[in-house]
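Chains as they are written, first to last, in the working numbering: chain A, 1 to 470; chain B, 1 to 159; chain C, 1 to 620; chain D, 1 to 481; chain E, 1 to 100.
In case anyone wonders, no lab produced these hints; they're calculated from the structure. These numbers come from a predicted model, not from an experiment. Be aware that a few hints might be false.
Said to hold, decoys possible - Here are the simulated lysine to aspartate or glutamate pairs, EDC-like style, with alpha carbons at most 16 Å apart:
| hint | chain 1 | residue 1 | chain 2 | residue 2 |
| --- | --- | --- | --- | --- |
| 1 | D | K96 | D | E469 |
| 2 | A | K31 | E | E88 |
| 3 | C | K569 | D | D292 |
| 4 | A | K143 | E | E88 |
| 5 | C | K302 | C | D541 |
| 6 | A | K143 | E | E91 |
| 7 | D | K96 | D | E346 |
| 8 | D | K151 | A | D424 |
| 9 | A | K143 | E | E97 |
| 10 | A | K143 | E | D87 |
| 11 | C | K486 | C | D60 |
| 12 | C | K30 | C | D113 |
| 13 | D | K151 | C | E577 |
| 14 | C | K30 | C | E112 |
| 15 | D | K151 | C | D581 |
| 16 | C | K302 | C | D369 |
| 17 | D | K151 | C | D573 |
| 18 | C | K486 | C | D55 |
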Amino acid sequence: MNALTPVPLSLLAPEIAVTLALAAALAVGMKSRPSNGLLARAFGALGVLAGLILFFWGPAYSDTWLLRSGGVARAWQVFFHLAALFFLAAHEARGERPVALLLGALLGMDLLAAANDLFALFIGLELMSLPLYLLVYGLRPDKRKLEAAVKYFFTGGAASGLFLFGLSVWYAETGTTALAPGGLPSPGTSLALALMGSAALFKIGAVPFHFWLPDVYEASEPELSAFMSTAVKAAGVLLLMLLSIGHSSFDPLGGSGAAFPNLGAWLPAVSAATMTYGNLMALRQRSVRRLLAFSSIAHAGVLLAALWVWQDGGHGTELSTLWFYLGAYLFMNTGAFLFLALSGISEVEQLKGYGARAPWPAAFFALMLFSLGGVPPTAGFLAKFYVIWDLLKGSGAWLAAAVALNSLLGLGYYLSLVRTMTLDEPGPRTPDGSFCPSAAAGLVLLLCAAASLLGFIPEAREWLFTLLTL
Amino acid sequence: MTEAAFLLCGAGAVVFAALALFQRTLYGSALCLLGVLLQVAGAYFLAGARLLGLLQVLVYAGAVMVLLVIAVMSSPPRLARPFAGTPPAWLGWLALLLPFAELLAFLRLAGPADGAPWRWTPGLETQTASLLFGAYAPLTEAVGLLVLVASLSILREEP
Amino acid sequence: MQTAALVLFAAPVSALLLGFFVFRRWRPEKTHWPMLLSCAAVTAASLWMCVRIHDGFIPDNVWELPVYRWACAGSFVLEFGLRVDGLSAAVLGMVSLVSTLIHLYAVGYMAEDRSFNRFFLYFHFFFLSMVGLLVADNYLQMYVFWEGVGLASFLLIGFWYEKASARAAAWKAFLTNRIGDLGFMLAVFLLLSSLGTVRFTDVFARLGDLPHGTLYAVAFLLFMGAAAKSAQFPLHVWLPDAMEGPTPVSALMHAATMVTAGVFLMARSMPLLREVPGVLAMIALVGLMTSLGAAAVAATRKDLKRVLAYSTVSQLGLMMVAIGTGNLFGAVFHLITHGFFKALLFLCAGSVIHALHESLNGAPTASVDDAGGLARKLPVTFGAFLIGALALSGIPPLAGFFSKDNILEGVHATGSLGLYLLSLLVAAGSSVYIFRLLFLAFLGERPEQRGPKAHAHEPGFRMKVPILALAVFSAAAGTLGEPLAKMLGAAAPHLDLSISFAALGAAAAGILLAWWAAMRRPSFDWKWRRAQPELERILDDDFGWQSFTAACAGRVAAFSRRLSDSWEKRSWDPFTESLADTAVGLGENLTLLSRGALNEYLWWIVVGASVLAGAVTLCF
Amino acid sequence: MLLTWLWLAPALAMIVVWAMPSRGLARGTALLFSLGLFAYSLWLLAPYSEGLLHLEELGVAGPLGIRYRLSVDGIALSLCWLSALLTVLSLAASWKADVPNAFWASFLGLEAALMGVFCARDLFYFYLFWDIALIPMFFIIGLWGSSGRRKASLKFVLYTFLGSLSLLIGLLALVTLHHQATGVWTWDMSALEKTPIAGRAALWTYAALALGFAVKIPVFPLHNWLPDAHTEAPAAGSVMLAGSMLKMGLFGFLRVLLPVFPDLSAAALPVLGGLGVVNILYGALCAMAQSDLKRLVAFTSVSHLGFCLVGLFSLTAAGIAGASLQMLNHGLSTGGLFLLVGMLYERAHRRGLNDFGELASRTPIFAFFFAFILLSSIGLPGLNGFVGETMCLAGMAKASLPLTALGLIGTVLAAAYGLPAFQAVFWAPAGPGSASPGLADLDLRERLILWTLVALILWLGLYPRPMLELLEPAASALAQR
Amino acid sequence: MISPAWVWAISGSLFILGAAFLVLRRQLIAMVIGLELMINAANLNIVYYAARRGDAAGLAVAFLVIAAAAAEAVVGLSLILALLRSDEAAETDRLQELAD
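This is chain A alone, in the form it adopts within the complex:
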């Protein structure tokens, strides 16, 4: 591949569509109108949707020096676009700025998925992170949001720094920033990968890089937390996958590489620590948002376990397991956060007796919680089921046991939320039953509910995989 060959523009059509939407949103904001937000969201959703369609319009697989399109990348991009759509459907701010920022972050993610090159990865990472710092800050900031944004910025900046330094080491060692190491792995490349891997773990929210996460999720808008807990986490997983594959023409369907040979040694430990920590911390939370934040840390641990099996390789189903887990998590966690956004609940206290005030929203939330807890017949159960199965197929029996025990811990707090909602008498702080989602948000709720009931279909993972690799 000639280094000087420019990437054909046609391959970038989806990204261009999103960029245009970004521009349109900004253009909307030139004049101050009350309908700015809605208009911008409409443009944004249009762009994201157009991008989604264009992904499938383009070639099934193409690989240039810097960027790829189609293939596995597309699956991730579809995921990111869905998460963005959910955010746009749920977010009801007035201005156009959040839309523009979100589209920026989405572009970063798209770039991340398509990147064939470490530097492209870095730019994708930055483009994803910077708008998020500002999104957390929010349109009408309060002290807590500002604090969260500052914390996020500095920890995220440190992570970027680590990534960049890792990149420089990689470049020093191999003479290229391409993901293909070209030659045997050396201590230098290992060091580089460890530094870059730390940045990925930071995005995933793995122990001990997770401390920013609960603060940020607690302070920011619930729909933003939903976006971050799904898309950003997925981006982190993707980053880690790319690092461990390290192959320019990588097609994980065909097998895995070994650029990060020691992933096997430490990833299970990090995974177990992460899920245990997340669950133990979640058990004692009084704020629902913070609780869900810690729960997302716990889920990150399970994701890492799935990632480890995938990297361990050889069983042919691991990537689909990972995707299914992410997919199920996208729906159930979005649903849970969306419930918080629409009902205006943030403290566990406020949930008391909510089931009596608003049975249907409460039932919806309970469904999401059961799904997060991994109780059949929900998609969350199926996701854990696949992960444990894959772990047992390999040599990860102890990690499988850890995942199982952790889902018990998890059920402990999910279920006590359900209990608070249904068993307790309504308290003075329980909001009334008003719960009126917009049409778009209602659609998302329905989607989440429907997707969470997938547990009856044991082959759902295979279906999803076929769908994503059309």
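Since the structure of chain A is provided, determine the placement of chains B, C, D and E on it from the hints.
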């Protein structure tokens, strides 16, 4: 010889950085940072990346420093402890000792691959420019977007 | 035969159903009619069976009828059926006859009780269970009715459940019987697992297939069951307390339905027991020991029914001695005669209680202190009691003489002089205690005795008839020896004069001793015993055994409380629950890692990345 | 579709009942529906033949080897009957409760899950239904239980979920081991039975599965979720919990462990049979010390299920058939006892042993039913409990005499806990502050419910052969493995 | 010829010093300085090797990194300014409201 000068510039940068760390005032730290940035720019010059050195001076010593100065000036003029209490300082130093020790161990045990000799490549910067607007164009664009997005932070929030 | 067998079940079952569904609601005070009719029908049927068997109409003296397959799984098959042979027919005849009379008696005795209907339901159920037990054709079926007997005894002993003592006695009876049943069931399981069948015919035919150890175990375990039902040491503890029930219940239990079941089981298993002389010897010894001990206790009790109860224990011991000496005929013969005269004695005691009931404050039993000089007030009862006492003592020509004599002959035939002498002692002892009771209650007129009220009177007609009938049977049952022997296929009994005279002498000596102690030197009962509270206590305690078993039961109860409180409620349950708290507590401790300080977050990132980098690079 | 309806119909009915406009309508519909389903489940005997009813399959097995497969053998069919019957009875028993639609719907949901468990032939669906059953029970305990329900509901779900997770790992390991041995992915029970698996991994798998099932039964020392759950659940909930849900664990042993690991099961006899005996004795001893009627009955449950375990692990046709029968018996008698205690609680709002007295004369009908069902529960011959216990122990006698003897001690202890409790409530004089005065006797509805039970108890006690003939083919097949 | 190990030592030290700012300093502005130091350390490495190998791609990377770093600084400093404007000192120990 140039190589030695490069190293000297680098060492200067490290010295300035260390100085910056221990400055009690933000003002002092910012000045020291300027020193670091200039030293690094000098190193770029010496490495033959003159355009890059220039950019370093313009962007960093120019734009970023301006921002820093504005921020420093906006903060209330009071003399405060430079170091945070949590975690305790000794724990913080301990944590920093770890990567230092690792760095030394790494250099001693593994060391970087000792590749080709220092080599001047004429036309490198032209190549760089064509690359930036050729194959790297999407990335350049992305960085442009990045700057655009960053600029959104300057927007005033609505009243 | 088939019709008769049908009557055996159909009559009591339909009587019970009628009593439960019809009479209970509509005419509770008439409940006894279906029961009496059913008793009569069963008696007729069983007597007819006796005749058929005695007259040799039944080949081999065994008539069997498979009824239905109860349960089956794989090779495990259990059939229910009927088996009527000489043994069961004879016992059945006695049981139904005595039961009928006691039913009749109970009509009068319970007439004023407000739970008249309930009483007869239980009472008849008792009877039904006993009948079923007698005609069962296999061990498991026998066990089914065996437990029915136990349940009925529980309900009836606790019939007057307002009293704590009645409740406790009922429970004690059931529990003790269950302990014995444990042995019975284990024997059943042993037979099932080694032979695959529990049918008497099959088991006895295939005894040779059983290993010797199994045979011993089965025999021993069966005896364990029998010991509980027939109140043999060490499982006899429930019987004295069982006096808490109404007197007809005691009569039925002691004469016909309950305690005979154990002896019957032993008699039934005789072919099996004969294979294991060791167990036989043990049975004889246990029987003798029980017999002696019970006689000693009986000779010193003051409570009418209690004396009679211990006398039953003692007589049952004698029957066990007969079993132990392989004397099947003697055991069954004594069982039958004992059934008659013990029922008679109890019914008389019932009459006494009935006569005294005003001074008893509703207590179901009476002490000799309450009685005294009853002979004048209750001449008929006294006469009947005298007949019963003579029969029990073994004075010819009354029933007890023949059966007891036969047992003693059997013992003598074993050649063990000690056993023989001790058995003679038992015979003497039985006349001591029963005549002591007779003298004290009916003839004694000590100032310490309260005596009957002026208007105390004989019971009514319905109670007198059974007493008189039983008196006749007690007097004449000795003649049943010959036909019984024919039915059992045993050699006809003959009197060995030397042994007869020895027995007679022992009995006479016993009566004299009783007369001397109760009438001539009453200081024994009224002074000396009171001066020896320690001895009194020991005797009351069955030589310490009662309190020992109570202590054991207390231990188990305490253990269960400890298990439930200290372990389950205070240790294990809190421990499992504390696991949840531990998890929450761990989360509490984990918060120490971060207190919301940004520098700390960054510190962790630096440390994490360093550790990761170090690990990866060094592990490389 | 014959069997599919068995779980699908109550699941749909659950939604219908939920959506009913009024409470009364919901109640009526639910009862009617459960009655219909019971009739339907009885009718299933018609197409049933040769020990197995209808393999129902849907689609083809995908790459995971999972396929929707239902079928019932005699044992499963009898458990379906039991679940359907108990649902009817518990709904009828709660007739007077003023509860929202969700109450009635929960029971139908529970019924659906139970039917699914008993019918599933594919381990995936087996597990799916297994876990789904937890959710309605969580709400039944949590929403309509007594004062301690908040804690008890969570304890119940978490404790049993621990078992479920162990079960899940065990099932996955089993399927994976089977794949390693044969190269085929399958979750089909009948296929898994064909390839014996041995070795260390098999042992771990066995342990995981056994743990999963044991929690549900529950086996000592994992039993202590049960007393709390029973005590706090509403009467109808206790009935379903004891009557049907606990059977899931035993059914699991029977369906999965015994056929797939015959050798390991034989080797596990001392452990699991021993635990069965411990269950018998421990449950009985603890029951002796209880002063709360419901708690007492809960501990008797522990004891009774010990007999089932003993029967199962005798690995003889008699023992297994006896254990299956004992499952039914336990459902009837313990279910009946819970119903009775519930009726008492409904009237007096108390259920301490010493809160009552003299009930035998005050409420004779109630006393009769209580005595009858209690006697069935403590294994009086002629009633159903005896048949089951006898067959279990008779089976065990072939395998291990000491265990049989120890198990028999449980029958003695049964008398030691059952009768004093009966005496305290029904015979003892009512003390001051007793709840006895003014208690109304049973009404016609309650009597009808209890007569049903009494009739079945008598039938199974006196003439169990038809039922045993239904259970026997499956039991013999298991015993021969 | 001087060993490249020296370059590594310098860039590594610079990077660790940057991290030291983040871990130790309490003024947010100083922490921004730390971030810049980290980025510069990486860039120094890249430029050294790019120059040594005559690799235009490395230089292009360095170019874009400078721009990205500037963008990051903009965002960071804007957040700090927002903090300062809401009458707060821009110091870490004032940011402990969100905590467990």
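Checked hints:
1. D/K96 / D/E469: Given pair D/K96, D/E469 is violated - Cα atoms ~38 Å apart, limit 16 Å.
2. A/K31 / E/E88: violated (32 Å)
3. C/K569 / D/D292: Answer holds: C/K569 to D/D292 is near 13 Å, not above 16 Å.
4. A/K143 / E/E88: Holds, at roughly 10 Å.
5. C/K302 / C/D541: Measuring from Cα to Cα gives roughly 14 Å; hence the hint holds.
6. A/K143 / E/E91: holds (14 Å)
7. D/K96 / D/E346: With Cα atoms ~10 Å apart, D/K96 and D/E346 stay inside 16 Å; holds.
8. D/K151 / A/D424: holds (12 Å)
9. A/K143 / E/E97: Answer holds: A/K143 to E/E97 is near 9 Å, not above 16 Å.
10. A/K143 / E/D87: holds (11 Å)
11. C/K486 / C/D60: Holds. C/K486 to C/D60 sits at ~12 Å (cutoff 16 Å).
12. C/K30 / C/D113: holds (13 Å)
13. D/K151 / C/E577: holds (10 Å)
14. C/K30 / C/E112: holds (12 Å)
15. D/K151 / C/D581: holds (13 Å)
16. C/K302 / C/D369: With Cα atoms ~7 Å apart, C/K302 and C/D369 stay inside 16 Å; holds.
17. D/K151 / C/D573: holds (13 Å)
18. C/K486 / C/D55: holds (9 Å)
The structure fails to meet hints 1, 2 from the earlier list, while all remaining hints are met.
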